[in-house]
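Take the given structure of chain A and dock chain B to it, following the hints.
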Amino acid sequence: EAQVTQNPRYLITVTGKKLTVTCSQNMNHEYMSWYRQDPGLGLRQIYYSMNVEVTDKGDVPEGYKVSRKEKRNFPLILESPSPNQTSLYFCASSSLRGKRQETQYFGPGTRLLVL
Amino acid sequence: SQQGEEDPQALSIQEGENATMNCSYKTSINNLQWYRQNSGRGLVHLILIRSNEREKHSGRLRVTLDTSKKSSSLLITASRAADTASYFCATDTQGGSEKLVFGKGTKLTVNP
Chain A
1 EAQVTQNPRY
11 LITVTGKKLT
21 VTCSQNMNHE
31 YMSWYRQDPG
41 LGLRQIYYSM
51 NVEVTDKGDV
61 PEGYKVSRKE
71 KRNFPLILES
81 PSPNQTSLYF
91 CASSSLRGKR
101 QETQYFGPGT
111 RLLVL
Chain B
1 SQQGEEDPQA
11 LSIQEGENAT
21 MNCSYKTSIN
31 NLQWYRQNSG
41 RGLVHLILIR
51 SNEREKHSGR
61 LRVTLDTSKK
71 SSSLLITASR
81 AADTASYFCA
91 TDTQGGSEKL
101 VFGKGTKLTV
111 NP
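Chains as they are written, first to last, in the numbering used here: chain A, 1 to 115; chain B, 1 to 112.
No lab work stands behind these hints, which were simulated from the structure alone. Just so it is clear, the structure is predicted and the values come from calculations on it, not from any experiment. For glycine and all other residues, C-beta sits at the position ideal for the given N, C-alpha and C. One or more hints might be untrue.
Which chain A residues stay away from chain B? Per the calculated CB distances, all over 10 Å, these [as the list claims (entries may be wrong)]:
hint, residue
1, Asn7
2, Leu11
3, Ile12
4, Leu19
5, Thr20
6, Ser24
7, Leu41
8, Gly42
9, Tyr64
10, Lys65
11, Lys71
12, Ser80
13, Leu88
14, Gln101
15, Pro108
16, Leu113
Label pairs and their computed distance ranges (CB to CB) [said to hold, decoys possible]:
hint, chain 1, residue 1, chain 2, residue 2, range
17, B, Ser28, A, Gly40, 25 to 35 Å
18, B, Arg80, A, Ser80, 41 to 51 Å
19, B, Pro112, A, Pro39, 43 to 53 Å
20, A, Val54, B, Asn18, 12 to 22 Å
21, B, Lys56, A, Gly16, 26 to 36 Å
Isolated chain A, as found in the complex:
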């Protein structure tokens, strides 16, 4: 089954404790992306990747890191989480038409609470 998986689905942590949210897709998609969703602010892009070893900042990259060592995986790293990073996080992937994304497939989301 074609899917995007994220782990963990729920996470409670404390300020400053490094964490990683994993994302994996099994559709051989070139494009992968991380979003955060907050009430009243909609979906905002954190980082995206056009292919292996190619990553770029989205609209809200501060406080986050990503890596794309393999095509299927795109982990999101919070080196020193802060309470303002409490949010619902989504990973997504899509194939590319030229440089443009086609349909994006979303993971189920990771709900993060930073105390």
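For chain B alone, coordinates are given in the frame of chain A:
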């Protein structure tokens, strides 16, 4: 950066009625997509319409695109309680970066 803006922000209708949601955007696009999100869950793709297309159908969904007005509409016909969800438009900007920019969504409630 906000590209698509959905209207209305919230819509409440009775089962069987049609629901229309609109999306306006600011700059020229390659394509526009509509997504659906059930509460707290991942977004699910509904329809992609390209800039050279004017209308597209998928089951009870009908999407129109008016590039001269920089707007799109999503029509759900004969709505069901199961259509209750938030609906987002996303635009892929011409000549811009390789980002898909989402609006803030329309929250649709279909009352049984």
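To see whether the hints hold, each was checked on the structure:
no.: 1; hint: Asn7; in the structure: holds (14 Å)
no.: 2; hint: Leu11; in the structure: holds (15 Å)
no.: 3; hint: Ile12; in the structure: holds (16 Å)
no.: 4; hint: Leu19; in the structure: holds (20 Å)
no.: 5; hint: Thr20; in the structure: holds (19 Å)
no.: 6; hint: Ser24; in the structure: holds (14 Å)
no.: 7; hint: Leu41; in the structure: violated (7 Å)
no.: 8; hint: Gly42; in the structure: violated (4 Å)
no.: 9; hint: Tyr64; in the structure: holds (15 Å)
no.: 10; hint: Lys65; in the structure: holds (18 Å)
no.: 11; hint: Lys71; in the structure: holds (16 Å)
no.: 12; hint: Ser80; in the structure: holds (26 Å)
no.: 13; hint: Leu88; in the structure: violated (7 Å)
no.: 14; hint: Gln101; in the structure: violated (5 Å)
no.: 15; hint: Pro108; in the structure: violated (5 Å)
no.: 16; hint: Leu113; in the structure: holds (14 Å)
no.: 17; hint: Ser28(B) to Gly40(A): 25 to 35 Å; in the structure: holds (28 Å)
no.: 18; hint: Arg80(B) to Ser80(A): 41 to 51 Å; in the structure: holds (46 Å)
no.: 19; hint: Pro112(B) to Pro39(A): 43 to 53 Å; in the structure: violated (26 Å)
no.: 20; hint: Val54(A) to Asn18(B): 12 to 22 Å; in the structure: violated (43 Å)
no.: 21; hint: Lys56(B) to Gly16(A): 26 to 36 Å; in the structure: violated (48 Å)
Checked against the numbered hints given earlier, the structure breaks hints 7, 8, 13, 14, 15, 19, 20, 21 and satisfies all the rest.
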